[in-house]
Amino acid sequence: MIPELAHFLCVMGFTCGAALAITGFFGAKQSQPAWVRAAKQIAIAQFLCLLCSFVLLDIAFLRDDFTVQYVADNSNTLLPWYYKASAMWGDHEGSFLLWTLVMAGWTGAVALRSESLSYEMRGYVLSVLGLLNVAFLLFLLSASNPFLRAFPLEATVGSDLNAILQDFGHLVHPPFLYFGYVGFSVAFAYAVAALLTGRIDAAWARWSRPWTNTAWALLTVGIALGSWWAYYELGWGGWWFWDPVENASFMPWLAGTALIHSLAVTEKRGAFKSWTVLLALLTFTLCLVGAFLVRSGVLTSVHAFAIDPERGMYLATIVALVACLSLSLYAFRVGRLRSRIAYRGISRELLLLANNVLLTLALAVIFLYTLYPLFYEWFTDGGRVSLGPPYFNRAFVPLMMILAGCLALVPVSRWKRTPLQLFRPSLYMLGGALLVGLVVPLMYSGALHIGVTICVAAALWILSTHLADLYRSRSSLTLSFLGMSIAHMGFAITVIGVTITSGFSVSQDLRLTVGDEVRVGDRTYVFEDLRIVNGPNYVAHQAQFAVGDIRLLPERRQYTTRNTVTTEAGIRPGFTNDLLVSLGEPVGEGAWAVRIQEKPLIRWVWLGAFLAAIAGLLAVLDVRYRRLRLRETRSARESEVGVR
Amino acid sequence: MNRVRKRRLGVALFVFLGSSTTLALAFYAMQQNLEFFYLPDRVVSGEAPIGKTIRAGGMVVAGSIRRSNEDLSVRFELSDMAGSSFSVVYEGLLPNLFVEGQGAIVSGTLDESGLFYADQVLAKHDENYMPPELADLHPAE
Amino acid sequence: MALWLPLVAFVGLCIVFFASLEFSPRGELPSPLIDRPVPTFSLPDLQTATVRTPEDLPEEAFLLNVWATWCFPCRDEHPVLMAIAEEGIVIVGLNYKDEDSKAIDWLNSIGDPYQLNLVDREGDFGVNLGVYGVPATYLIDAERTIRYKHIGPISSVQWRQKLKPIFRSLQGLDDHA
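Chains as they are written, first to last, in the numbering used here: chain A, 1 to 644; chain B, 645 to 785; chain C, 786 to 962.
Be aware that a few hints might be false.
What the hints assert, rightly or not - For each label pair, taking beta carbons as the anchor points, the in silico distance ranges come out as:
(1) A/148 <-> C/789: 41 to 47 Å
(2) B/757 <-> C/789: 53 to 59 Å
(3) A/145 <-> C/867: 58 to 64 Å
(4) C/867 <-> A/586: 25 to 31 Å
(5) C/789 <-> B/668: 19 to 25 Å
(6) C/913 <-> A/548: 58 to 64 Å
Think of the hints as simulated: they come from the structure by calculation, not from any bench.
Using N, Cα and C, we set each Cβ at its ideal position, and we do this for glycine too.
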């Protein structure tokens, strides 16, 4: 009964979404505040329906109810309970249910926290969010239904979760990614509502900012977790592959980053209005494009996803509808906007303009590179090409370094115009940063390396100007200012991590037998032992390597039900250096293929990203927004009374 | 034209020129560095260029994997179903999903004798997934 | 005018998406052997060493499974084959480029799902069948016509979702009957 009840609740969620879309829209259109208030209740009901539906299906997983096809295909009696629970989003159907649940969650949050909006705006926003979830739920129920029973019913132990997904990373990575993706739907809905009401102003930007910041922070965490997971779970020490699936999550992130910054200009200076609206529309559309690319399988990826052209068709239709409707609305309605902005010397506006241009360019380059194989296949009638990571780096890194240079000037810059003498101290800092940047490659490899110098110097420059500025304004710090500074420093830390780990990692593939000693980098590794270990649902070869007093235990696991092999690297994590040993396949005569790596500062890559995410959330908590909300709630209430 | 407008025009021109140069360069770099994909029949027939980085793919022929006893060099055959196959030489770790009788994609260069020197070997990611490149030669899955 | 550019760009993009989906099934080329009768052979039986010909094949729909003791994935496929045999489905084995003694040991120690086992020590029959990897499994109907070829080990999911429905249709039974 439980899966049927879950199915029923999911259908209820769909009905709520449709009701929400209708009441919200007509409430706003026909000036019916009561309808908009009803929409709020409906939004909450939608969330509760989908939450119960999700939990009930998860209970089917926990109880090993293999009469449900989706459970039978993605779980196994031998799985530990937490992997059974997370097996829920191990495949397409369940992860889409999670997606709709997150969508309903954001909608509910907007319904609860939008008291300050005029009922008109609020009605449109809720209506757009409801409509989006109707499209997703329609897709879920018709083309990828996770609630279906397996017929004929047969006894089985379940075919197991994909071995790579049996991991803490999978427990947390997809949910965060979805929180982020779907979170941008709020900014999207606000932009559509602003276009419908014709009120694109500073107040609109102020409302959108906290939502956009939160979504951005969650997406940042999601991407960082994905990278960290790939690093330790794929087992070969790679942490970013420029794979289409990664790019699919990175493109909305770049657009979202640009959006956060352009919203700031729109709020503070009333400028960039039409551009900001466009970005808000594009960011969410790119999230949908990402979902399409990932799930339709039109691009070759190292990721494992069940591919189904019918689903691809459905997702493409959603993308097409969302993009065409919102962009047509944009083209019709945004025309009257004219923002006046004057650039005098280096002002904060100019730096933010540079930020937007550079991020958009980076986005365009990645977009082009990711989708080119698709275009090529189309134009040549089935020809196939691919682009390796070096080309991505060659185009992407220079843009990021120019961006870093602009970023370093942010703390000293002022709105409108910056007196030139203010820049003098930051020039001294640039000198110092360059000097340190010159020394760093010498320290690691004993040779000069101009690329590393530039990247490290840019990052250090950012750190120094921001720290100096934080110190100077220590008595009058606001949370949003602190958030901005920490986010920028997080970016700098990630840049340092990426630069050093890309420049000075050591990696060797070796053929080793037990007892062998090898020297890699400055350390000696001893292959001490090889044994067989039994896990709950796998058998593993576990090697033991000694480096000084450190023992590393890489494994090669054979999962029994699905017959898949995974490599679990033996990692000694460190703030300054990771040691990593991976066990490959046996290569005959008792020898094994082994990869030994040293990865300096790899942890900084994720540390910086997490700092930036925390900073994004800090800014949301700023009292300025809370005070604003109170004041506007009052005025909105009054205006509602007036209408009645 | 007043000063403000002139300055704004300057900014706009700068942005436009900078962006188009970047995109043009990116596009040019891409054109230079595309790796084309070939199936075994086109590798055997000599349609695949020699000495240029390309990708090729096929099914790993059962029993064809030969390993060296000293290092990690390995040699194997990739085949389509229709009787064309070529040899690949590779040194390094093979992916976990590299299995006899399953699909694999190699990236590297071809020499005059038709031997493929791979820098990279990719195998499919799980048993339900087939690299789309290889779907053409794989009717039964 | 410029305001329409994003829309135009995205419409173009969507057209490419839809077009690329058209490619997605990617023209499944039928194998030359599909819908052809099983090639003729005269091969020894693994257990009795009697020479067998196509006449000795079952007169109902059956699976022809190509296997070998040196084949690592075959070991993982074995329990699935055992389960299929339990369902009362006839499986004929083709022991491929293997040693008889090892093959007999294998079947004695982990179970024998095969009703009949043919030996193709040199792999000649394998060439006629189009075997280029082991394991491989052919779905053959009562007229001894090859109807489907599966490459690689059969997992329980693949069996249940894909192969069994096809096999049922060969038997003239509907999947849900």
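How the hints compare with the structure:
1. A/148 <-> C/789: 41 to 47 Å: 43 Å, holds
2. B/757 <-> C/789: 53 to 59 Å: Holds, at about 56 Å.
3. A/145 <-> C/867: 58 to 64 Å: At 32 Å between Cβs, range violated.
4. C/867 <-> A/586: 25 to 31 Å: Between residue 867 of chain C and residue 586 of chain A, where Cβ atoms are some 27 Å apart, the hint holds.
5. C/789 <-> B/668: 19 to 25 Å: At 24 Å between Cβs, range holds.
6. C/913 <-> A/548: 58 to 64 Å: The hint (58 to 64 Å, Cβ to Cβ) holds, given that residue 913 of chain C and residue 548 of chain A are roughly 60 Å apart.
Of the numbered hints given earlier, the model fails hint 3 alone.
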